[in-house]
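K.L.:
The residues making up each chain are set out below.
There are 2 protein chains.
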Amino acid sequence: MLEGLRATTGDDYPLNMTSLLRHAATTFPDNEIVYRDLNGSWNRTNYREEFARVSKMAGALSRLGVGAGDMVGVLDWNSRRHLELYFAVPGLAATMLQLNLRLASEDLGYVIEHSQASWVCVDESLLPVAEAHRDAPGVKGWIVLSDKPSDQIETTLPNVVFLEELMKDEPEEYPFEWVEEKTAAYAGYTTGTTGRPKGILYSHRAMYLHSMTVISSEKLNYNETVMLVTPMFHVMCWGFPQAAVGAAARIILPGRWQAQDIGVLAEALAEEHVTLANGAPSILTPMLEYYRSLPTPPDLTGLRIVCGASEPPLSLMQGFKELTGGEIIHAYGASETSPMATTNGDFPHTLPEMSEEEAWDLKRYQGLPMLGVDIKVADLDGNPQPHDGESAGELLIRGPWVATSYYNRPDSADSFEDGWWRSGDAGVICENGYLKLTDRLKDVIKSGGEWISSIDMENAILDNPRVAEAAVIGVPDPKWEERPVAYVVPKEGQEVTEDSVLDLLAQRFAKWQLPEKIIVSAELPRTSVGKLNKRQMREDYTSEQSN
Amino acid sequence: MLEGLRATTGDDYPLNMTSLLRHAATTFPDNEIVYRDLNGSWNRTNYREEFARVSKMAGALSRLGVGAGDMVGVLDWNSRRHLELYFAVPGLAATMLQLNLRLASEDLGYVIEHSQASWVCVDESLLPVAEAHRDAPGVKGWIVLSDKPSDQIETTLPNVVFLEELMKDEPEEYPFEWVEEKTAAYAGYTTGTTGRPKGILYSHRAMYLHSMTVISSEKLNYNETVMLVTPMFHVMCWGFPQAAVGAAARIILPGRWQAQDIGVLAEALAEEHVTLANGAPSILTPMLEYYRSLPTPPDLTGLRIVCGASEPPLSLMQGFKELTGGEIIHAYGASETSPMATTNGDFPHTLPEMSEEEAWDLKRYQGLPMLGVDIKVADLDGNPQPHDGESAGELLIRGPWVATSYYNRPDSADSFEDGWWRSGDAGVICENGYLKLTDRLKDVIKSGGEWISSIDMENAILDNPRVAEAAVIGVPDPKWEERPVAYVVPKEGQEVTEDSVLDLLAQRFAKWQLPEKIIVSAELPRTSVGKLNKRQMREDYTSEQSN
Numbered sequence: 001m002l003e004g005l006r007a008t009t010g011d012d013y014p015l016n017m018t019s020l021l022r023h024a025a026t027t028f029p030d031n032e033i034v035y036r037d038l039n040g041s042w043n044r045t046n047y048r049e050e051f052a053r054v055s056k057m058a059g060a061l062s063r064l065g066v067g068a069g070d071m072v073g074v075l076d077w078n079s080r081r082h083l084e085l086y087f088a089v090p091g092l093a094a095t096m097l098q099l100n101l102r103l104a105s106e107d108l109g110y111v112i113e114h115s116q117a118s119w120v121c122v123d124e125s126l127l128p129v130a131e132a133h134r135d136a137p138g139v140k141g142w143i144v145l146s147d148k149p150s151d152q153i154e155t156t157l158p159n160v161v162f163l164e165e166l167m168k169d170e171p172e173e174y175p176f177e178w179v180e181e182k183t184a185a186y187a188g189y190t191t192g193t194t195g196r197p198k199g200i201l202y203s204h205r206a207m208y209l210h211s212m213t214v215i216s217s218e219k220l221n222y223n224e225t226v227m228l229v230t231p232m233f234h235v236m237c238w239g240f241p242q243a244a245v246g247a248a249a250r251i252i253l254p255g256r257w258q259a260q261d262i263g264v265l266a267e268a269l270a271e272e273h274v275t276l277a278n279g280a281p282s283i284l285t286p287m288l289e290y291y292r293s294l295p296t297p298p299d300l301t302g303l304r305i306v307c308g309a310s311e312p313p314l315s316l317m318q319g320f321k322e323l324t325g326g327e328i329i330h331a332y333g334a335s336e337t338s339p340m341a342t343t344n345g346d347f348p349h350t351l352p353e354m355s356e357e358e359a360w361d362l363k364r365y366q367g368l369p370m371l372g373v374d375i376k377v378a379d380l381d382g383n384p385q386p387h388d389g390e391s392a393g394e395l396l397i398r399g400p401w402v403a404t405s406y407y408n409r410p411d412s413a414d415s416f417e418d419g420w421w422r423s424g425d426a427g428v429i430c431e432n433g434y435l436k437l438t439d440r441l442k443d444v445i446k447s448g449g450e451w452i453s454s455i456d457m458e459n460a461i462l463d464n465p466r467v468a469e470a471a472v473i474g475v476p477d478p479k480w481e482e483r484p485v486a487y488v489v490p491k492e493g494q495e496v497t498e499d500s501v502l503d504l505l506a507q508r509f510a511k512w513q514l515p516e517k518i519i520v521s522a523e524l525p526r527t528s529v530g531k532l533n534k535r536q537m538r539e540d541y542t543s544e545q546s547n
Numbered sequence: 001m002l003e004g005l006r007a008t009t010g011d012d013y014p015l016n017m018t019s020l021l022r023h024a025a026t027t028f029p030d031n032e033i034v035y036r037d038l039n040g041s042w043n044r045t046n047y048r049e050e051f052a053r054v055s056k057m058a059g060a061l062s063r064l065g066v067g068a069g070d071m072v073g074v075l076d077w078n079s080r081r082h083l084e085l086y087f088a089v090p091g092l093a094a095t096m097l098q099l100n101l102r103l104a105s106e107d108l109g110y111v112i113e114h115s116q117a118s119w120v121c122v123d124e125s126l127l128p129v130a131e132a133h134r135d136a137p138g139v140k141g142w143i144v145l146s147d148k149p150s151d152q153i154e155t156t157l158p159n160v161v162f163l164e165e166l167m168k169d170e171p172e173e174y175p176f177e178w179v180e181e182k183t184a185a186y187a188g189y190t191t192g193t194t195g196r197p198k199g200i201l202y203s204h205r206a207m208y209l210h211s212m213t214v215i216s217s218e219k220l221n222y223n224e225t226v227m228l229v230t231p232m233f234h235v236m237c238w239g240f241p242q243a244a245v246g247a248a249a250r251i252i253l254p255g256r257w258q259a260q261d262i263g264v265l266a267e268a269l270a271e272e273h274v275t276l277a278n279g280a281p282s283i284l285t286p287m288l289e290y291y292r293s294l295p296t297p298p299d300l301t302g303l304r305i306v307c308g309a310s311e312p313p314l315s316l317m318q319g320f321k322e323l324t325g326g327e328i329i330h331a332y333g334a335s336e337t338s339p340m341a342t343t344n345g346d347f348p349h350t351l352p353e354m355s356e357e358e359a360w361d362l363k364r365y366q367g368l369p370m371l372g373v374d375i376k377v378a379d380l381d382g383n384p385q386p387h388d389g390e391s392a393g394e395l396l397i398r399g400p401w402v403a404t405s406y407y408n409r410p411d412s413a414d415s416f417e418d419g420w421w422r423s424g425d426a427g428v429i430c431e432n433g434y435l436k437l438t439d440r441l442k443d444v445i446k447s448g449g450e451w452i453s454s455i456d457m458e459n460a461i462l463d464n465p466r467v468a469e470a471a472v473i474g475v476p477d478p479k480w481e482e483r484p485v486a487y488v489v490p491k492e493g494q495e496v497t498e499d500s501v502l503d504l505l506a507q508r509f510a511k512w513q514l515p516e517k518i519i520v521s522a523e524l525p526r527t528s529v530g531k532l533n534k535r536q537m538r539e540d541y542t543s544e545q546s547n
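For the record, the sequence lines run as chains A and B.
The first sequence begins at 1 in the UniProt record's numbering and counts up one residue at a time.
The second sequence begins at 1 in the UniProt record's numbering and counts up one residue at a time.
FYI, nobody ran anything at the bench for these hints, they're computed from the structure.
Quantities reported herein were computed from a predicted structural model and do not represent experimental measurements.
One or more hints might be untrue.
Same chains, same label: a pair holds when it works inside one copy or across any pair of copies.
Pairs of lysine-lysine residues, derived as DSSO-like cross-links and limited to a Cα-Cα distance of at most 30 Å, are as follows [stated by the list, open to error]:
1) K436 <-> K321
2) K148 <-> K442
3) K140 <-> K219
4) K140 <-> K531
5) K531 <-> K517
6) K442 <-> K321
7) K168 <-> K446
8) K436 <-> K511
9) K534 <-> K140
10) K376 <-> K219
11) K442 <-> K491
12) K479 <-> K534
13) K321 <-> K511
14) K168 <-> K148
15) K479 <-> K491
16) K531 <-> K168
17) K140 <-> K479
18) K182 <-> K376
19) K436 <-> K148
20) K436 <-> K168
21) K442 <-> K219
22) K534 <-> K148
23) K168 <-> K491
24) K140 <-> K182
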């Protein structure tokens, strides 16, 4: 790394989470934070009051002994206190650990232990989740989050303290010290399907820069209203509260919500005139149904919903826009990217003219990398592929808020390479700069040095109206390395022939890409959580061939 | 500074100027850069081509021996090459020094020598300016910027090379190395009225963060068109090209322009559909006159012009808006703040309702601090004043892009205090967070522990239609420390009495604030560049009193 003349600018001024909140509280003190409590009531506060509460909270935690280097777990919904902990804990140079309350209990126990959490904050409604880990080694005590007096709360947890009671006598100004910017402000664990969850520790610097990029990419400012829809304990939300506070936006916190509360979210989006929210197809699909069920659906013109997790179905994006005027913006990210890496907002004016159909198709792409993020797709030898929309490879990402290792997991070092994170996603970059992901890398079929997308082929097979399900896997081949094999499940009472499948595919795929074999089957193997189990299919196929 | 757990995010990924340009060139390669050459012709290029030219330029400079730690001066207009140098020089870990071609020749010589510039780039049209410094010690050679073949250029400069010729054979990809982010990317010198110019060295980190904040505050993105109106060698422009490139905005470069070219600027703003520009009252006032002179003034709705230097007159802001629909946004900054610190864009929705008059009045304030900037006004003992719109003090600023020292000027250490830069400007912060500057600190009258604004009082005196000019100074007073004295120049043929001035002031000012003395005078002393010379007035007054 080259070093030149040393500058005279404030280069030792650290990027700190506290500064984001202080800026909002000092410059936009009256801007609202609207939150829903456990009883379902909506309440209103503002940045001035929140900074005072964060100060009291930092005072209380500090008095408990929480300080630099401590890991503090949080089990909570999208509550006011959760937002406050986002700032109170990092403000002490401690690290706030997100605990995903939907993790399998065994995995949750692993996360608490592996992260060496010394204190865990638990919302009163989640005490049963916590109590399963009452003997977690290393935990000095449990901090209960509740509006109730402590004598109304029963729990089997040992060493319990009550945050609101601790806060009562703390002063409204806490003397926050500067925190070295590479200190971890937050920790989160992946919820991967294989192996134990892996932890990422996010620095103050990373989250400050991520906030600045989200603010500019998603056009946030103090006149916007942000609703944090996706659970704050889930990666899809992690970097959003900081961006909303950094922009000093008006914030709406829906508290605890479950599937049956979709109407509450849907009403609040309209009533609070939300302009930016986050979401996922699993939330937005029932929300659209809810709006459809209303005699008069609301006008949500001006609302953008950043939608991650998986590519939103066209019918969802189009239906939402047509019914409400609200826009669903697809974005891509992961635990390893804090979480945002690419977003598909306004089209650049330099794109050639498109038909409406082409435009909707492009809206399903993962979008363009945000300022600060470098992306490339690389072949198996690590060579970057040209931006031609055809040359597929694994997506690699680097940047100031992209992970370069997992916390205390030297066994996972091969997920990182030269400062790049290997996403495990396969796709292409188009001439217009757009990223289009197709498969998880492990589902791509590598044949004769070229890649065949299993998902593209499955979608093509599904165009046959008699087909209920399709799965394309790569099977070992001595000459071509791998060859595709397609499994097809007909709809009930329908018949599907191998030839009809092949004929359809031959219209779209080159001859060398066509499946070696098409297997019509009554059902496909699935994992315990209902996902297609392609690994199982590959093993079954191989063992049948060798019999 | 507290240090906690070390994060696992990419915290060693340095913030580099090259990354801004690479992001634009990779993701928005076709977005245009429109530039006007010395002949006055407009030409079009794009980010793809510009990155190739910056690469060739870096190759050429590197071959000359320019590298880490070198200072490279630039004497140029708002040209394409000037923009390219903004990236080619810092990309080599060298520092690009802005040379203000309007500086007095002696000061320019001082800057070249004090900065230890080893190479100086000069546009062919500015060779006479450079030739006055042909013997500058430390300069190894002069790099001529021109589209002409070298044999058509005559100069008395020694050791001359021609940049375009050096670039010709360089490859379109330069292997840019990472630059440590605290390395100085740019240098600029203040043009203060007292003493020698003082230098500030701006780090890659500072300018990257400044760019991100300007992008979000001024709502820049790839669908905006930015025109760099203020000279790129002037502090009011320094941080703007980087922000425009970081946002991958379409950029319009008007090249060399002088007062008589105001029509060219005005036409380009309209024809190129510019949405963001920078400017100053001295540019915008004649521009408004130009638009007024047209039979059909253009519709500039959507255009925002960030206007610094001094508070734009209400008549200018209002006139511009009414005639063209374009908006003038006042912003505040300085060489020491890279340059932006506060901006007065959209009003926060939390402000109480205002009459149109009140709204226009608020538009003249310096605005709200941008994300990343801390401001305070402090009394003479350094105590921060409350945000009440009344308690005046000196404006102090700190943040990642605010200077913490001057380059090799230990004699100026008292301009900085605990990481804060002392701006020398006096003003108040209002309850709504807005900064309102009133005076240069040296012009404030400190009386009995309170401050009296000389500018407020001057403006009040000017409300008398018979008054041509007014100046209020503070004179020493044994009891009150200072007392105000007002000088009044009547308009030609008019008479102004002391009593009429006092009567008018008594309506607006408290009794203790009223001037000790009102002196009606035919003219006021001025400096060589025409500014009111209050120092002279104070000296004259004091010596007259002691006679």
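K.L.:
Against each hint, give a clear statement of whether it holds in the structure.
P.N.:
Outcome of the hint check:
1. Only within a single protomer do K436 and K321 lie at most 30 Å apart by alpha-carbon distance; the minimum there is 22 Å, versus 44 Å between protomers.
2. Taking the closest pair of Cα atoms, K148 and K442 never come within 30 Å of each other, the shortest separation being 49 Å inside a single copy and 57 Å across copies.
3. Neither within a single protomer nor between protomers do K140 and K219 lie at most 30 Å apart by alpha-carbon distance, with minima of 42 Å and 47 Å respectively.
4. Taking the shortest alpha-carbon separations for K140 and K531, neither the intra-copy value of 38 Å nor the inter-copy value of 68 Å comes in at or below 30 Å.
5. Taking the closest pair of Cα atoms, K531 and K517 come within 30 Å of each other only inside a single copy of the chain (23 Å); across copies the shortest separation is 88 Å, beyond that limit.
6. Neither within a single protomer nor between protomers do K442 and K321 lie at most 30 Å apart by alpha-carbon distance, with minima of 34 Å and 59 Å respectively.
7. Neither within a single protomer nor between protomers do K168 and K446 lie at most 30 Å apart by alpha-carbon distance, with minima of 62 Å and 43 Å respectively.
8. Within a single copy, K436 and K511 get their C-alpha atoms as close as 23 Å, which meets the 30 Å cut-off; across copies the closest is 72 Å, which misses it.
9. For the identical chains of this complex, K534 and K140 are neighbours neither inside a copy (43 Å) nor across copies (67 Å), given an alpha-carbon limit of 30 Å.
10. Proximity of K376 to K219 under the C-alpha cut-off of 30 Å is found in both arrangements, the shortest distances being 25 Å within a copy and 28 Å between copies.
11. For a Cα distance limit of 30 Å, the shortest separation of K442 from K491 inside one copy, 28 Å, qualifies, whereas the shortest one across copies, 85 Å, does not.
12. Taking identical chains as interchangeable, the C-alpha atoms of K479 and K534 lie at most 30 Å apart only when both belong to the same chain, with a minimum of 22 Å there against 90 Å between chains.
13. Taking the closest pair of Cα atoms, K321 and K511 never come within 30 Å of each other, the shortest separation being 39 Å inside a single copy and 64 Å across copies.
14. Proximity of K168 and K148 under a CA criterion of 30 Å is satisfied intra-copy only: 13 Å inside one chain copy versus 75 Å between copies.
15. Proximity of K479 to K491 under the C-alpha cut-off of 30 Å is found in neither arrangement, the shortest distances being 35 Å within a copy and 98 Å between copies.
16. When the C-alpha separation of K531 and K168 is checked against a cutoff of 30 Å, the pair qualifies neither within a copy, at 48 Å, nor between copies, at 58 Å.
17. In this homomeric assembly, K140 and K479 never come within 30 Å of each other (Cα to Cα): the closest approach is 59 Å inside a single copy and 63 Å across copies.
18. In this homomeric assembly, K182 and K376 come within 30 Å of each other (Cα to Cα) both inside a single copy, at 26 Å, and across copies, at 27 Å.
19. For the homomeric pair K436 and K148, neither the shortest alpha-carbon distance inside one copy (49 Å) nor that between copies (45 Å) is at most 30 Å.
20. In this assembly of identical chains, the alpha carbons of K436 and K168 never lie at most 30 Å apart, being 52 Å within a copy and 37 Å across copies at closest.
21. Taking the shortest alpha-carbon separations for K442 and K219, neither the intra-copy value of 36 Å nor the inter-copy value of 40 Å comes in at or below 30 Å.
22. Taking identical chains as interchangeable, the C-alpha atoms of K534 and K148 are never at most 30 Å apart, the minima being 49 Å within one chain and 65 Å between chains.
23. In this homomeric assembly, K168 and K491 never come within 30 Å of each other (Cα to Cα): the closest approach is 62 Å inside a single copy and 66 Å across copies.
24. For a Cα distance limit of 30 Å, the shortest separation of K140 from K182 inside one copy, 26 Å, qualifies, whereas the shortest one across copies, 41 Å, does not.
In the structure shown, a violation is registered for the earlier hints numbered 2, 3, 4, 6, 7, 9, 13, 15, 16, 17, 19, 20, 21, 22, 23, in ascending order.
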